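Here the structure of chain A is known, so what remains is to put chains B, C, D, E and F in place on it, guided by the hints.
Number of protein chains: 6
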Amino acid sequence: MELSARNQLNGKVKNVELGMITASIKIEVEDPNVITAVITKESAEKLGLKEGDDVKAIIKSTEIIVGK
Amino acid sequence: MELSARNQLNGKVKNVELGMITASIKIEVEDPNVITAVITKESAEKLGLKEGDDVKAIIKSTEIIVGK
Amino acid sequence: MELSARNQLNGKVKNVELGMITASIKIEVEDPNVITAVITKESAEKLGLKEGDDVKAIIKSTEIIVGK
Amino acid sequence: MELSARNQLNGKVKNVELGMITASIKIEVEDPNVITAVITKESAEKLGLKEGDDVKAIIKSTEIIVGK
Amino acid sequence: MELSARNQLNGKVKNVELGMITASIKIEVEDPNVITAVITKESAEKLGLKEGDDVKAIIKSTEIIVGK
Amino acid sequence: MELSARNQLNGKVKNVELGMITASIKIEVEDPNVITAVITKESAEKLGLKEGDDVKAIIKSTEIIVGK
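Chains as they are written, first to last, in the working numbering: chain A, 9 to 76; chain B, 9 to 76; chain C, 9 to 76; chain D, 9 to 76; chain E, 9 to 76; chain F, 9 to 76.
By construction, these hints were calculated from the structure, which means they are not laboratory data.
None of the values given here were measured: they were computed from a predicted structure.
Be aware that one or more of the hints could be misleading.
Claimed, not checked - DSBU-like, lysine-lysine: derived pairs with alpha carbons at most 35 Å apart:
1) K20(C) <-> K34(C)
2) K58(B) <-> K20(B)
3) K34(C) <-> K34(D)
4) K76(C) <-> K58(E)
5) K20(B) <-> K76(A)
6) K76(A) <-> K58(F)
7) K58(F) <-> K58(D)
8) K76(C) <-> K76(D)
Stated by the list, open to error - Covered stretches of chain E (in silico footprint by chain D; criterion: 3 or more residues with CB under 8 Å from a CB of chain D, positions within the stretch not fixed):
9) 11-17
10) 49-59
11) 64-76
Unchecked claim - Okay, the calculated beta carbon distance ranges per label pair:
12) E59(F) <-> L26(B): 35 to 45 Å
13) E59(A) <-> K58(E): 47 to 57 Å
14) K20(C) <-> E10(D): 25 to 35 Å
15) K58(E) <-> K58(A): 48 to 58 Å
16) V42(C) <-> N41(E): 32 to 42 Å
17) N41(E) <-> E59(A): 41 to 51 Å
18) E59(E) <-> V42(A): 37 to 47 Å
19) K58(F) <-> N18(D): 36 to 46 Å
We treat Cβ as the ideally placed atom computed from N, Cα and C, and that holds for glycine.
Okay, chain A solo, but in the shape it has when bound (with noise of 0.2 Å):
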């Protein structure tokens, strides 16, 4: 599948933590740059995230702000 959000950015997994609704995902993009996700738990879990896991961190470009 492709999808309409233009920014993907390959990362690894550094770090899941699991809330009781929510988890944090810390993606390392590039070193030493690590995005952070707050995604649901129940996604944390379906798609088995643990450290060292290759992923993408997918932004829908209308989510981003421009900071000068």
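Just chains B, C, D, E and F now, kept in the frame of chain A:
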């Protein structure tokens, strides 16, 4: 001002394209990665965005989808 | 690629309307339900979206408001 | 009140799971489709969401990613 | 209909600007605060938005970034 | 840093509630208006948010739904 947004990627503006209401900003975060942000044309003009500007792409962690 | 986005509705493209920066895509998820997605014109063109295409409408669960 | 959100799917609450800050609401929009919405626990309680409630899943069109 | 969105600010439409796909709506929530909402042109037309209309600016709490 | 986000409301933190992954921040933007922002617990702690802090509630214009 410090922001709660966990993800703030440094980059350079590669291209600014203005529509009637929105504008598309291409930001090179690290060769060869280019991020697309769709913001209002008004913001693009107020920030005076042009190719070569040093900017940040700011993304709240709840906006990121993880693909594996 | 498997996505963390919990909501992935299958549907067919009913209409594609291109603006200067954005594009509006009408997706029939189930007669008579039609979903509207606003994506970049660039994505609409890269995906080659046209009426009748089988697509998925992907929605992260944090983006949904519940009305009762 | 009429909303600008283009997408308002009618459905029934199938499950409510409360976390500390957020809550996950499963909404059956049409058998066998189930939509997951993550909202604040506070909202879930104020709306008194429970299994069987008729609700709307409201999604702004800029939040939808198209996969093909 | 009651909404899960925690933030519903009352205001008046100050300006409506239509693009091809999107529309920019300026809402005065309290003098001198003006909020900008970018919605689809289709929604702006269906709601018949015009200067002086009493409206609500509805914002889900997960969409807000905190700056300090 | 100047932001592309059109909406930046000044306010004071009224309440901070930490969950496991997320945190709920109540911001009084103007008596008696209180805005709720759900951010990561990590951000709430890094910003050291506490009652009485002067903060900004930053909202991108594409995230706002208009109700009439």
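Would the pair K34(C) and K34(D) pass a check requiring their Cα atoms to be no farther apart than 35 Å?
24 Å, holds
35 Å Cα cutoff - pair K58(B), K20(B):
9 Å, holds
For the range 36 to 46 Å, tell me whether the beta carbons of K58(F) and N18(D) fit it or not.
The hinted range 36 to 46 Å holds for K58(F) and N18(D), with Cβ atoms some 42 Å apart.
Three or more residues of the region 11-17 of chain E near chain D by CB distance under 8 Å?
holds (count 4)
Satisfaction of hint between K58(F) and K76(A), Cα-Cα up to 35 Å:
The given pair, whose Cα atoms are some 27 Å apart, holds under the 35 Å limit.
Are at least 3 residues of the region 49-59 of chain E within less than 8 Å of chain D when you compare beta carbons?
With 5 residues closer than 8 Å to chain D, the region 49-59 of chain E meets the three-residue bar; holds.
Holds or violated: K20(B) to K76(A), with C-alpha atoms at most 35 Å apart:
10 Å, holds
Using the beta carbons of E59(A) and K58(E), state whether their distance is inside 47 to 57 Å or not.
Holds: the Cβ-Cβ distance is about 54 Å, inside 47 to 57 Å.
Cut-off 8 Å, C-beta pairs, minimum 3 residues; does the coverage of the region 64-76 of chain E by chain D stand?
Since 5 is at least three, the answer is holds.
Within 25 to 35 Å or not, the Cβ separation of K20(C) and E10(D)?
Check passed, 27 Å falls within 25 to 35 Å.
With 48 to 58 Å as the target window, see if K58(E) and K58(A) comply at their CB atoms.
Holds: the Cβ-Cβ distance is about 54 Å, inside 48 to 58 Å.
When you check the alpha-carbon spacing of K76(C) and K76(D), does it fall within 35 Å?
Holds, at roughly 32 Å.
When held up to the earlier numbered hints, the structure conflicts with none and fits them all.
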